[in-house]
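Engineer: Model the full assembly from the supplied sequences, consistent with the hints where possible.
Under the UniProt record's numbering, think of the first position of the sequence shown as 1, with each following residue one higher.
Calculated from the structure, these hints are not laboratory results.
Built from N, CA and C at the ideal position, the CB exists for glycine as well.
In silico DSSO-like links for lysine-lysine, alpha-carbon gap of 30 Å or less:
#1 LYS99 / LYS82
#2 LYS82 / LYS229
#3 LYS152 / LYS229
#4 LYS6 / LYS56
#5 LYS60 / LYS6
#6 LYS82 / LYS141
#7 LYS229 / LYS99
#8 LYS229 / LYS141
#9 LYS152 / LYS141
Pair by pair, the computed Cβ-Cβ distance ranges are:
#10 THR177 / SER156: 19 to 27 Å
#11 LEU80 / GLU133: 25 to 33 Å
#12 GLY144 / ALA192: 25 to 33 Å
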Amino acid sequence: IPANPKTTMQIAVRNSFTNSVTTWHIYCSLMRLCYSYLATGLVMSGFNLLVSRWQKAATKGLTLPLTPLKGIKQIGKDPLDKNETNVVPEARVFSLGFKPNTIGSLVYTLGDTDPAMDAYADVEMGDVRIPVELTTTDGAKGVGETLDEGDKLLISYTAGGRTITREVLYTIPTLGTSIPAKATIALAIRTAYYPIDFGSVVIEIEDVSPAEHTFTQLESLEIDNVLGKIYYDLTE
Numbered sequence: 001i002p003a004n005p006k007t008t009m010q011i012a013v014r015n016s017f018t019n020s021v022t023t024w025h026i027y028c029s030l031m032r033l034c035y036s037y038l039a040t041g042l043v044m045s046g047f048n049l050l051v052s053r054w055q056k057a058a059t060k061g062l063t064l065p066l067t068p069l070k071g072i073k074q075i076g077k078d079p080l081d082k083n084e085t086n087v088v089p090e091a092r093v094f095s096l097g098f099k100p101n102t103i104g105s106l107v108y109t110l111g112d113t114d115p116a117m118d119a120y121a122d123v124e125m126g127d128v129r130i131p132v133e134l135t136t137t138d139g140a141k142g143v144g145e146t147l148d149e150g151d152k153l154l155i156s157y158t159a160g161g162r163t164i165t166r167e168v169l170y171t172i173p174t175l176g177t178s179i180p181a182k183a184t185i186a187l188a189i190r191t192a193y194y195p196i197d198f199g200s201v202v203i204e205i206e207d208v209s210p211a212e213h214t215f216t217q218l219e220s221l222e223i224d225n226v227l228g229k230i231y232y233d234l235t236e
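Structural biologist: Spelled out as structure tokens, the structure:
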């Protein structure tokens, strides 16, 4: 214990310790793996290294460590278009004849009796794509109530041992009447947690206009790009 624990320097050291520990705990499991033994030759753990650097930066007026970017880097040679015809799922699952696939690249073409898909969920990074604009509470079916301001696009799923119920993906703004299309991976809405457990997704629209809010499940596909599998969330 320092002789005078209330000096400006000691307070800065203690506060920076608290801040660095808090930041460490909110890093996802992938980032923890990345930080393990970071350039330390197994001498110092990633946790202790982060705390040490944070405290040194705080006491010397340097820029504090930044939260690292998170993502999946894909390396490939040339684009290669693939098609799977006559898709017949078993217990809602269909295995593609090709894998892995670029995240956000797979799309669904309707057959004569197939339901239109309102959303795709790429499970690796929790990316939800909306192929076409949604204007009614039942999506592409187009026979539900007209969407209005305050209505919400929701998703329920499990990820990393968590059960997430009706996380809000999009809320229709004032004077809005639709949920806009977000067909590309660049426009996709990312869930709070990922990777998503395959087969756990339920995507709904919440209609807030009635006294009792109503929830309508949409047609959606879950896509595991690494394993080359798709899962039909509503209609098989």
